[in-house]
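2 protein chains.
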Amino acid sequence: MQYEDKISIAKMPSDELKKRVVKVQQALADVQADACVVTTAVNQLYLAGFIFDGFMFVAPETEPILFVKRPIDTKGERVEIIRKPEQIGELLPKYGIEPPRHLLLENDVMSYNSSLRLQAALNMPKTGNASGILRKMRMVKSEYELSLVRESARLQNRVYAQVRSIFKPGMTDVGFQIEVEHLLRKTGSQGIFRCYGENMDIFMGSVLAGDNATVASPYDFALGGQGLSPVLPLGANGTPLTPGITLMVDMCGNFTPYQSDMTRSFAIGDVPEIAYRAHQLSIDIHGEIQNLAKAGTSCSELYGVAEKMTREAGLEAYFMGTVQQAKFIGHGVGLEINEPPVLTPKSKDLLSPGMVIAIEPKYVLQGIGAVGIENTYIVHESGLEKITLCEESLVKL
Amino acid sequence: MQYEDKISIAKMPSDELKKRVVKVQQALADVQADACVVTTAVNQLYLAGFIFDGFMFVAPETEPILFVKRPIDTKGERVEIIRKPEQIGELLPKYGIEPPRHLLLENDVMSYNSSLRLQAALNMPKTGNASGILRKMRMVKSEYELSLVRESARLQNRVYAQVRSIFKPGMTDVGFQIEVEHLLRKTGSQGIFRCYGENMDIFMGSVLAGDNATVASPYDFALGGQGLSPVLPLGANGTPLTPGITLMVDMCGNFTPYQSDMTRSFAIGDVPEIAYRAHQLSIDIHGEIQNLAKAGTSCSELYGVAEKMTREAGLEAYFMGTVQQAKFIGHGVGLEINEPPVLTPKSKDLLSPGMVIAIEPKYVLQGIGAVGIENTYIVHESGLEKITLCEESLVKL
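Line order of the protein sequences matches chains E and B. Numbering follows the working numbering, with no gaps: position 233 of the first sequence is 238. Numbering follows the working numbering, with no gaps: position 340 of the second sequence is 345.
None of these hints come from the bench; they were simulated from the model. It is possible that part of the hints are untrue.
One copy or two, it doesn't matter: identical chains are merged, so the pair holds either way.
With a cut-off of at most 25 Å between alpha-carbon atoms, the simulated SDA-like pairs for lysine to any residue come out as follows [claimed, not checked]:
id	residue 1	residue 2
1	K401	N134
2	K191	S170
3	K191	A166
4	K131	N118
5	K131	E91
6	K74	A331
Excised from the complex, chain E in its bound form (with noise of 0.2 Å):
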């Protein structure tokens, strides 16, 4: 199968791909480096259009060279089909390269051997780091990926707005997220979506029913959950949707490579009023958001306006988790759930028109459950486009 038809399979136009590898080459050249190596699926996406087994070299004045293991039947001008990462080095004279001595590689997710290996094979006395470059590049996206975003979160809403439906008396938290996941998969969701992070794993998202929400997460996400097997520690975990408890939905919206995030918290009968207090105070910090985030303001404020919204409310001991507190209330989407940038305390980040990012002051309130919500917005010069589009309050059941 030619290259050029992996790319319209994927829908990926290539002129989209030759300006995303223009960014790479001008970042290569601002910072000396002779070449990169890109090995990981997401960012092989990002710049071939298409996954394989393999090295995509990009070096800053040469079209990309693709060296496939597999499939083996990758067919194009720059394709090379190859076994080992050693043939590398012998076939880059056929196009007039010469060895690298500066090379980025994926450092951040290729393995210690693989990277060991790969450095030897193009004989590098040393590597540099090629990781941060292409997540901060990613961060802001073209219009194309924009609209893939937009698609996403059309039938994300789609399904958001039938997900109340789906609630029947007597169901357990796991009942209740089993039949969201096929309701998402049978409006198009891929199943699986990429997130970053060496320990980092989840399906599907997650859903989080009374006090299972309180529990501490090995993961780097703003909530936890027990799960159902030490196999996957995150989400539900059996909990009957009884009277007097919450329940958070925060499933992926991944109907395209792009994806959109959104949270909606439901109240199981009768909840105690500090439920629609807490509750009502993260719509009204995604409110005061909106109102002061553009182009040009900082991350680190926008926590900031959560995290003082909070204290004037009293609610801190229950903000983004109890027992273990999450040190973010947003993060960037794209072809990761969790890409830069972070709203953390400490970002350096500033808004820029592009980025898509999902905002998600939560509060985890003992006895009786998460409450909250989390929307995607793409961000303008002027402004934050909400497009996650469902009803926000805190829906009874």
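Fit chain B to the known structure of chain E by using the hints.
Then chain B, alone, in the frame of chain E:
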């Protein structure tokens, strides 16, 4: 939450964990290593009984110490809550442990940068690789582990017995797969399952219909498939399930942390005779392997049996793919779907009691689809015990 509580949730008996740790300690002594640090989820689960963000320090003559970043409420006699790996070196003397000089790390999986940071934190001049040792150790299962594999297979059998009733004329492979996923989840599937390898992605398994089975894959699975999107180029691609093609179902049995693996194939309406012939050959290969295999049998010999029978039947052009042919006919199964031993022509592994192997001789017929079956077997002294027990013939839908 107590470390011990986490284990009890996990239902991983602590004597089981202790025995495994002793094996690691023996392996360390064998290679004269001072310690190993366990950082991957799968091996933390195996040795500590739960997953955490942090480092499990195992040295030959002392109990393991857990250095935990998250969950921050992890408690226990030998548990330290830390924020960064640099603290490990500072805390070791508290346990009477001298700084290790020869340290094994999970360098086949751990990222280059994380490994370097840990090496610097512990002042290591040089480290060895723990990955292969731990993978090899997990190859032979205890009675406890086998009971979980059997439980997964029992539930997978139940789902597979219902699979044919899911089919409805007019369906696509994707529609069909979504309903199989739903049934798996309702029967207790954990959703995600663990898969070894830097360039591996999967979502619950794969369904392949018609010529989609010929599509070469970027992944090191037996067969490929185009998938629905470049985000996951694997499995179902929207092929209508029309008469004349075959449908192969290879979904994971991950109902416990220990998986079972099974494939069944179906004929939609009337399919050419060669499909039945190739399918029967797969069944015959299973039979021949069951006659032959016992403790001590070499994995390469089993591959040889499948290859020889295929050649004698004149079906080698279709064996394990067409465009891209996998060079194995089976693999170990456990906490990961793709464990050693791998049944390849060059394998040096011998079958050993307690191994769990999935055998999957498959054929891909252009214009028709994939056929063949996969079963999971437990290796005993005297032979193989088949645990995936469902109708094996090419059932007509």
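Results of checking the hints against the structure:
1. In this assembly of identical chains, the alpha carbons of K401 and N134 never lie at most 25 Å apart, being 49 Å within a copy and 54 Å across copies at closest.
2. In this homomeric assembly, K191 and S170 come within 25 Å of each other (Cα to Cα) both inside a single copy, at 16 Å, and across copies, at 19 Å.
3. For a Cα distance limit of 25 Å, the shortest separation of K191 from A166 qualifies both inside one copy, at 15 Å, and across copies, at 23 Å.
4. Proximity of K131 and N118 under a CA criterion of 25 Å is satisfied in both settings, with 15 Å inside one chain copy and 13 Å between copies.
5. Proximity of K131 and E91 under a CA criterion of 25 Å is satisfied in both settings, with 17 Å inside one chain copy and 23 Å between copies.
6. In this assembly of identical chains, K74 and A331 lie within 25 Å of each other by CA distance solely across copies; the values are 13 Å between and 40 Å within a copy.
In terms of the numbered hints stated before, the structure departs from hint 1 and from no other.
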